[in-house]
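Chemist: Residue numbers (the numbering used here), protein chains in the order written: chain B, 24 to 185; chain W, 15 to 408; chain E, 303 to 466; chain V, 138 to 487; chain P, 2 to 780; chain Y, 1170 to 1268.
Calculated from the structure, these hints are not laboratory results.
Among the clues, some could well be false.
[What the hints assert, rightly or not] Below, in silico cross-link-like pairs of lysine-lysine (DSSO-like), each with a Cα-Cα straight-line distance of 30 Å or less:
1) B:K160 / W:K202
2) W:K126 / W:K219
3) W:K218 / B:K47
Note that this is a predicted model, so its numbers are computed, not measured.
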Amino acid sequence: MPKVPGLVKGLGVTLGTLFNTATKGSNTVQYPHEKETPPIRSRGVIALHQDNCTSCMLCSRSCPDWCIYIEAHKELAPPRREGGKPRQVNLLDRFDIDYALCMYCGICVEVCPFDALFWSPEYEYSEPNIADLLHDKTKLSEWMETVPEAPALEVGADKKKK
Amino acid sequence: MSLTDRVLGDRQQLAYIASQAADARLNVELETEGMTLNIGPQHPATHGTLRIIARLDGEQVVWAEPACGYMHRGYEKLTEVRTYPQVTTLVNRIDWLGSFANEVPFILAAEKLMEVEAPPRAQHIRTILFELSRIANVSLFLGDLGVQLGAITPVFLAFRDREYVLNLIESATGGRFHPNFDRIGGLKDDLPAGWVDETRAVMKKLRGFCDQIEDLLFGNEIFQSRTRGIGVIPREVALQYGLSGANLRASGVDWDLRRDHQLPMAWNKADWKVWTHPDGDSFARCWIRLQETRESTKIVDQLLGSIPAGPVMAKVPKIIKVPEGEAWVSTENPLGEMGYYIVSRGDLGPFRVKIRSASFNNISITPWLLRGVYVPDIVTILASLYFILGDIDR
Amino acid sequence: MIAQNIGFWIIAVLMVVSALRVVTTNNVVHAALWLVVVLAGAAGQYILLAAEFVAITQVLVYIGAVMVLFLFGTMLTRARIGAESDLNNSYKKLGIPVGLVMLVAMGLALTRSFGDEKLPESAKVVSIQEVSDQIFGPYLLPFWALSFVLLAAVVGAIVLARKD
Amino acid sequence: MSALLAEVPYWGQSLLRVLGGIVAVLLPAGTIVYIFLFKMMSFMQSRLGPMEAGPYGSMQLFAEVGKWLQKEDIVPERADARIFKMAPVIVLLSTFLLVAVVPFGPDAWFTDFETGIFYALAVSSISVLGILIAGWSSANKYSLLGGLRAAGQLIAYELPMVLAVIGVVIQAETMNLQKIVVAQNSGSMFGIDTFGHPYVISQFIGFVIFMIAIQAELTQAPFDMPIAESELVSGYMTEYSGFRFLIFFIGEFATAGVFAMIASVLFLGGWGVPFSWFGWTSIDSIDNWMNVVGPLIMFTKMMLLVFIIMWIRFSYPRLREDQLQRFAWKGLIPVALLNIAVTSILKVVF
Amino acid sequence: MNLLAAETEILAPLASGWFLENAWLIPVIPAIAFALIILIGKRLPMKGSELGVASMLASLVLSAGAAYQWIQRVNSATEEQFVEPVIRSWSWWQSGGFDFGIGQHIDGLSVVVLFVVAFISTLVQIYSLEYLRGDRRYTHFFAALTLFSGGMLAMVLADNMILFLLGWEIMGLCSFMLIGHWWEEDANSRAALKAFFTVRTGDMGLLVGISMLYFAANDWTQENLGLSGFSVRGISAWALSGEPNSTVIMVAAIALFIASIGKSGQFPLHTWLPDAMAGPTPVSSLLHSSTMVVAGVFLVARLYPVFFVGLDILGSGGNLIMFIGGITIVISAALAFVQNDIKRVLAYSTVSQLGYMMLGLGAGAWLPAVFHIFTHAFFKACLFLGAGSISHSASHHSFDMKRDMGGLRKVMPITFTTWIISTLALCGVFPFSGFFSKDEIIDNVGNNGYNTFMIVGLVGAFMTAAYMTRATYLTFFGEPRGASAGHSSHESHDAHGSHDTHDIHGDHDDHASHDAHASHGPHESGLLITAPLMILSVLALGSGFLNATPFGESWERMKLWVEPRAVEVVDATYPGGPGESLIVSVPSAEEGKSKSVCGTATPEKGVCYAPKLEHAKFKWSKAMLSMVIVFIGMALSWILSVLLFTKRDARLVGLTQRVKILGVGHRFLVNKYYLDDLYEKVIVRGVAYPISSAAYWFNQNVLDGILHSISNLTRKLSGWVYKNIDQRVVDGTVNNSATFTKSVGTAAQPTQSGKVSQYGALLFSAAAVAALVLVIINT
Amino acid sequence: MFVNQFLFLAAVLFCIGVYGVIARKNAVLMLMSIELILNSVNINLLTFAMRNGSTDGHTFALYIIAIAAAEVGVGLGLVLLVYRNKKTISVDELSEMRG
């Protein structure tokens, strides 16, 4: 077979793509009109489950760029069982994450010993004002609704996880 | 025996002689008053903030030198005040296109110090992700090459197909660019269900992409005339300047750390080939990368079929303290050899980390390489050397 | 005829003014651009003189090639932006009387020779065929000579401009 | 046009011609930009292109124009301001001068130059001036390099273009574009007159050379080194912004359109269809409706040629400056000369 | 007219043939070969030389075919029929009413010279294959050699003077390139330049002559023959028609003859020819002995009617051609005595022999002169190639007879034999070819009544015999000396390197044996060199029999084939094809005294193309006389040579130092009659120098003086203005006038500055003022 | 149209060109002035061609245009050479013959 010159082959590639796009549709998505669903594990935004948080500050300390701000005060809570001593609990006053600083490394989620932090794949929270990227605990709690279930694992994975 | 006789092939010799002739001609003409052209720090050809100071005579470069450091972020220093888990998330920003691959050598070095080894499943998945990040990295290079040489379409095709790979990485690790997935002793998590099949499909697409790029770009006579014989790096010179990766293999040095270093990774479980090219010119470098992309898809395909069952995490303490000592591990990253030298004093974080990144060495050859070329060839040569600014400046 | 006369005078004034600017401006590139105006005006005058082919050749060769060469030359010799002071000779004023004397001489000669003789009213446009018959007929030898001159010029220019 | 406008007063005629010229330049330019630059290029790159402004982004062009018009007209501080401002106008001017000789129908033309094609080649060379002074007056090294490259390239490719045209002129025995159209549509090939005699067949080499030269004259890839953005950051246009850049932009695509029109006149039979289809014998016997249909036919042919130009532009990397010059002087010009020689020999023989 | 019609039927048409009709291919083939050699020669296995040899072989075959068919043609004609030349012409280009044709014109003369040129060129190219092997510019050498042959052949075939001029100039160019082939040597490039400029001096004459003839002849030829005034045929007919003004044709003939002098190395422009021996020996052999230099002779022979009429050949008192020829014979023969360089001896011999040809032509011996071209080519080429063979194989690239040769007859038997044959031919010994041609010339000169010049010819024959004997003795007899003795050192090689050095000689593998001859001593050359020598010597021996007058009319074939029959051709306005023209009468010189050389009064109806010439009857007595003279010369020279060079006889050695008058003569000869000094010192310096110095003086003193005084004056004036007026008058006026005067002053003062625009200003202002003055005066 | 109006225009241009040649020091500007002169000659040629109804003037005007192109090519080559060697294109500084 005679060799097709590279110049002609190149034209063929572009023309083929042209027809593909025209018939099968493009690879791009018209974003505001249609949205792609990110993978389940996507690190979109961090959601806070307030109840689980003990203000232990592990997340804040392990954050590489220190973008988590936690303030809490101690209170005496009624004992868990009848007749017990009143427990001393940390009440969360402030739990802010500055998304203008966050590197989305996920270390905070990983280190949280009480499963108070979760990843949500939600990504639409850009703000015109940089200060608004500081999400407080209310806002962070709202993201909890979007947190998906942990996905099933691939064949051969070690099931006895945690 | 002169250097040319000893180490160069026929065609390479011709090209080298031509470059030497250009050299000689320039030396004669040095009296002409040149024009100094600052290519960068903001220039499309440098895809980042690299600045090439070139002194021109007409359109010919008389003297050129890269000025780097515009993007210096001080990673080596930053690591000294981070814990080991925190460091991984920093270092995968060094070569921002080869994300996961940046973490691996660091983790391996730390593991070496701690004398733990990741379980086989983790090694396999690490290798797969490593190769995926190589594909993501190099496929962008293949597209970007077109833009540098004036063809606008390849880059879009590259972005299109790279997206599949990034999706894979994201669905496995959660992060598209900065996975932070590697842990000392294993991986953060196992793969999600269905990932293997998806990856197989994507690998097929990428092989198609490679064919497309070959037809559209590499087979194009104009492209060949722009790259063949341009920026020839003879074998010896390449070794002298410490080039690594595809740039070195394009000069005919058969040197690939994936094969040559015995690391706790799964490359030796797959059957693949290290490509070399005798020419050492820009075309050779680009061609080597194209072939390597294909090889990577092959590696991934093979490894996907043989992931052993088992845990992905070895037994390591919750709070990681690396014992006192020093360790050096380097791997064959998309851009070339990347290595970390960790000095530990037994703390939570490293005492000192020296990062050896490929691009810094790769561009160190530019003053030698750019003499006597034309202005458009600067672009060709820079593109074919393939550097990432983050990798240079760190 | 009136329209043509009007055209002539507009173009002529434009040409003279531009020509004066060519020799007086103190920026080389500006001079070249003023010269373009003169040359374009000359092309217009050629059309008035029923020489369409010459006019178009003028545009093609002068504006398309010669002036581009000029600009090339000036740019390669680092023409500066803005006024330059040393474009003129120290004795440039000598040129004015010389030019004037010459103009007077020519004017006198022209007035006496042609007075108010008029050009033929109904001159038809000279076709390319007529010109080509001339070139490849009686004036073939000059055409050949010209070809050799051009060849010599090409070779000469290359030899001059080459570095080695 | 004379027949159409017989009743219109002189000033009206002139006005109509100017308007017609503007339409003939801007309409194809806009269409080309939308269809090829916005849509075809996107499709070739697996994307959709502008979709927001108007249905399928059809109003995008106006949005872009609006954007450019409201941008600040920046003149660099050290630039030669007057010349800097003049340069884009000169480039666009050459396009308008160029369109003046293109015939759009049996009576639909602006001027009927006897030396039409020669005129077209002459005025097309004016744009070089604009580009050169744009490059020089920007006071920018990249611009100067771009301007010089552009001038060298345009001069080099003007030659093969002229030489390619000569083959057609020899075949048609005229330089008048209208007559070239008629010659093609009323001619016959090998005795068959059903398809006329479009010179793209008998002058195929000339056609290819002409198209390559057009590609270079328009500084489209693979000959776009004067504006190579990866090397010279848009070359001579680097410093331009706002509506001056817009003028350059319009000039680029309008010139592409006009050159394609000239190419279609020279090689594809222009506005005409083979006369034998309708039994016409000469230009005078053509029905009047051709004055309306003719421009459409012309437009179709033009779009076809522009498609080829753009297709190549979106597919190829660019050559280097010295390769470009070598290609012109060592490749195209000798071939074009050979083409002329062969054509003239065949013309004499047959 | 009836007569004409009747006779047309009687006369058979002349035979023609493919070779004659297509003779134009002969020069075209080498021209194409030249282009091919230049373009692709270097890539061919034999570096392009095969193309040259092949093309010359093709030309040789074609010209041999043409010669054969020409003989057929002559034979097909009846006894007194005019043998029409085969003429074909095409219009080349037209300009401004001039029509330049291109075409071929074949007659006996063309055929002879064509054959000679093609033959010698072929042999020389074959010879060069060996001689120049390994040369740095091997390919270019063959290209130039081939182009030269093409040019010469084109000139020989030319049917008009423009084409003739083209061929002539191509030859000049090629000889320049070939003489300067080893231009790295200063002497060679100087020789090339000298040759070029000397020949160019003559070429001016050719241009002038051609133009004069055109303007004088064009009307007549157009009207009567329908030919252009450039046409060789037209000019010939015109010259003999009795039409031309005698002064015009004389001046034209002199102008053309100046060209001949330059090209054929006649006195006084002969100085370039010996110097041209700096080129490679094949070049000397081909160009400067046998072919190119006869171009001048050919020109005279070709346009013989013009010279015949213009210079009054056969007139009573002798003519310019004869004088020049006669002087050349003697003075160059004398010069040949004092040369030590063997090629120079041969070069002067060539000049002398060319003198014979000129003498013959001038004395009306057209056929013997042409025949001498023919024979001379063979033996002189043989001699030159023999000299080359000696230097190539024996004397280590030296041509110095006294230092590096001697006693070579034993080591180089073939070269020696061929040399002796050719020498005898050159000396004119019966039955060698030179005898038949040279004696014929001398004989005819005497027969036509020029007894003085016959004596000159005999003296020349004597001298020829003598110097050739000297050269032969020095080369082949006596004791071996220098390089030929085998003890050549490399110093001597270097010392003589200026002559014939092979540049990359040592690098060439094929030359291993050749290169070793420093130790092996002299030896015979290879077959590629000796074969041409042998072929040529056979021809030197035998070619004379083509026109062997002693043996009777039937042996005079050259006369039959070559000499045009002087006839009047009727109805020549449209000469028609071959054979259609016919003869009305055969006029002879005896029939009345007429203005026309054709014999009758100015022809009314017809045209004649060649003058009627007489031939001397061969007498053995005359031949014996010249033979005796030749033998005396040989014997004397032999005895003297033996005494001087071998015996070192005390009476002879240093004779020139002792006897003053001989010393003066010797020095005179060694310095070539001081002609070069005359040209360089007297003409160049004597004429040019005073003029330029006068101009310089004028420039320095008069002009500068005037200008300086003007500027001083203006300066003083402006000083005065400054002092006196400035104080009183208003500032503005003063400033203006001061600037004006200052500008005038600055403009006028440094006029010698070399500033272009200043000169321009002066030029234009002068022109402007002059124009104004003219306009005003013309009112 | 009068013959003289064209001829006068040509004369004026010629004189301006002459002034330019005299007054300018820059080599490129001198070349430009020469172009002015050549153009005025062309106008003359064409005027007379029209006046005499012949086409000779056209032919020679074309020849002059071609010659001008050749002249500029060589002239600018010279200028570039001079510039390269002397770093100036002022003709006044090219007088090495000054004694």
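Chemist: Compare the structure with the hints numbered earlier in the document and write down the numbers of the violated ones, lowest to highest.
Modeler: 2
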